[in-house]
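Visitor: The lines below spell out each chain.
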Amino acid sequence: MAEGDDAIRRWCHDGDERWFERFYHAQATPLWRLLVLRGVDRDEAYDIVAEAFSRFIQQVCKRADAPRALLYRIALNLGTDRFRRRQVRAVSDTDPDDLHAPESPPELPEEARRLMAGLDPGERDLLLMRYWLGMTHREVAQVLEVPEGTVRRRAAALLRRLHEGFDDTRCG
Amino acid sequence: MTPDADEERRLRERIQALLAEAPSPDPRCLEAGLEQARARARRARRARRVMVWAGAALLAASAAASIGWWTTANGPPTGQPEAPAGADKPSGAESGSDGTDTGAQRESGSGSRRGVESGDSAVIYRRAQ
Numbered sequence: 399m400a401e402g403d404d405a406i407r408r409w410c411h412d413g414d415e416r417w418f419e420r421f422y423h424a425q426a427t428p429l430w431r432l433l434v435l436r437g438v439d440r441d442e443a444y445d446i447v448a449e450a451f452s453r454f455i456q457q458v459c460k461r462a463d464a465p466r467a468l469l470y471r472i473a474l475n476l477g478t479d480r481f482r483r484r485q486v487r488a489v490s491d492t493d494p495d496d497l498h499a500p501e502s503p504p505e506l507p508e509e510a511r512r513l514m515a516g517l518d519p520g521e522r523d524l525l526l527m528r529y530w531l532g533m534t535h536r537e538v539a540q541v542l543e544v545p546e547g548t549v550r551r552r553a554a555a556l557l558r559r560l561h562e563g564f565d566d567t568r569c570g
Numbered sequence: 143m144t145p146d147a148d149e150e151r152r153l154r155e156r157i158q159a160l161l162a163e164a165p166s167p168d169p170r171c172l173e174a175g176l177e178q179a180r181a182r183a184r185r186a187r188r189a190r191r192v193m194v195w196a197g198a199a200l201l202a203a204s205a206a207a208s209i210g211w212w213t214t215a216n217g218p219p220t221g222q223p224e225a226p227a228g229a230d231k232p233s234g235a236e237s238g239s240d241g242t243d244t245g246a247q248r249e250s251g252s253g254s255r256r257g258v259e260s261g262d263s264a265v266i267y268r269r270a271q
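Taken in sequence, the protein lines are chains A and B.
Reading the first sequence from the start, the letters are residues 399 to 570 in this note's numbering.
Reading the second sequence from the start, the letters are residues 143 to 271 in this note's numbering.
Warning: the hint list may mix true and false statements.
Unchecked claim - Estimated spans, in silico, between C-beta atoms of each pair:
{"hint": "1", "chain 1": "A", "residue 1": "Arg512", "chain 2": "B", "residue 2": "Val194", "range": "52 to 60 Å"}
{"hint": "2", "chain 1": "B", "residue 1": "Arg187", "chain 2": "A", "residue 2": "Arg511", "range": "40 to 48 Å"}
{"hint": "3", "chain 1": "B", "residue 1": "Arg151", "chain 2": "A", "residue 2": "Arg536", "range": "13 to 21 Å"}
Hints in this document: simulated from the structure, not taken from any laboratory.
Every residue gets a Cβ at the ideal spot worked out from N, C-alpha and C, and that includes glycine.
The whole structure should be built from the sequences, with the hints applied where relevant.
Guide: Pasting the structure below:
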C-alpha cells in the first residue's frame with residue numbers, strides 16, 4: 399500500500415483532519431519535486447500542488463482505492479494543461495521562447511540533465527514515478543490510466559535504453 | 143525480455159543518485175497550500191452534510207405525499223358496522239304496521255312475502271333500532 403493511502407481512507411471515514419494533514423505532509427514535497435523535475439516553474443509548482451489537493455479532496459472519498467495515484471494523476475494533468483495553455487499563448491503572441499520543451503532544473507548534474515533531455519515525456523514520467531519515487535507498476539498504471547502490462551513493457555524498454563546509455567557514458 | 147531484479151535495483155540506485163540534487167520546496171509555501179486544501183475540505187464536508195439532510199427531507203416529504211394520496215384514493219376508514227343481514231325482516235314478536243306477522247310467515251316456510259307489508263315492517267324495525 400502506498401504511503402499515506404491508509405491515512406486518507408481514515409480521513410474519508412471519520413473526517414479527522416489530522417489524517418488529511420498526515421497525507422498532505424507525506425505527499426506534498428515529492429509531488430512538488432516531481433513537477434519541478436518535469437520542467438514546471440517552481441512558483442507554479444506550488445500553485446499546482448495546492449490546486450491538485452483541492453481537486454483531490456472533492457474526488458478521493460468517492461473512490462478511495464488508490465488515493466496517491468489519484469493525486470498524482472490530477473497534478474500531472476494540471477501541469478500538462480498549464481504547459482499547453484502557455485504554448486497556445488506563445489503561438490498567438492508569436493513568442494517562440496515559450497514553445498520549447500520544459501527544461502530540467504539547473505541544480506541537477508549535467509548527466510542527469512542530459513538523461514532527462516533524452517527522454518520523451520512518457521518515458522520521463524515513468525522514470526520519475528517508478529525509479530525515483532518508487533511507485534509500483536500498478537500505481538504508475540493508475541496514474542497514467544493505462545494497463546499495468548503496458549507500464550511493465552514500457553519500463554522494461556526504458557531500462558534497456560538507460561542501461562545502454564549509462565554504459566555509453568562509462569565508456570565515453 | 144524483462145530485466146532481472148538486480149539490474150533494476152542497480153539502475154534505480156543510479157537514477158536516485160543522479161536526481162539527489164533535485165530542488166526541494168520551501169515548507170512555508172507548502173503550508174499555505176495545506177491551509178487552502180483544509181478550507182476546501184471543510185467546505186466539501188459541509189456541502190455533503192447539507193446534501194444528506196436535503197435528501198432525507200425530500201424522502202420524508204415524498205412519503206407524506208404518498209400517504210396523503212393513498213388516503214384520498216381509498217377513502218378514510220368508516221369504523222361503523224354494516225347493518226346485519228335480514229335487518230329488513232323483523233323478528234316474530236314484532237309486527238308490521240298492517241298487523242302481518244311476517245316472522246310467523248317465515249317460520250312456516252311459506253316462502254312468500256307480501257313485499258309491501260314486509261317493506262313496511264322493515265321501516266318499523268329500523269326506526270325501532
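Visitor: Now, for every hint given, state plainly whether the structure supports it.
Guide: Structure-based check of all given hints:
1. Under the hint 52 to 60 Å, the C-beta atoms of Arg512(A) and Val194(B), about 55 Å apart, fit the expected range.
2. Separation of Arg187(B) from Arg511(A) is about 44 Å and conforms to the stated range, judged on CB atoms against 40 to 48 Å.
3. A beta carbon spacing of about 19 Å between Arg151(B) and Arg536(A) agrees with the range 13 to 21 Å that was offered as a hint.
In the structure shown, no violation is registered for any of the earlier numbered hints.
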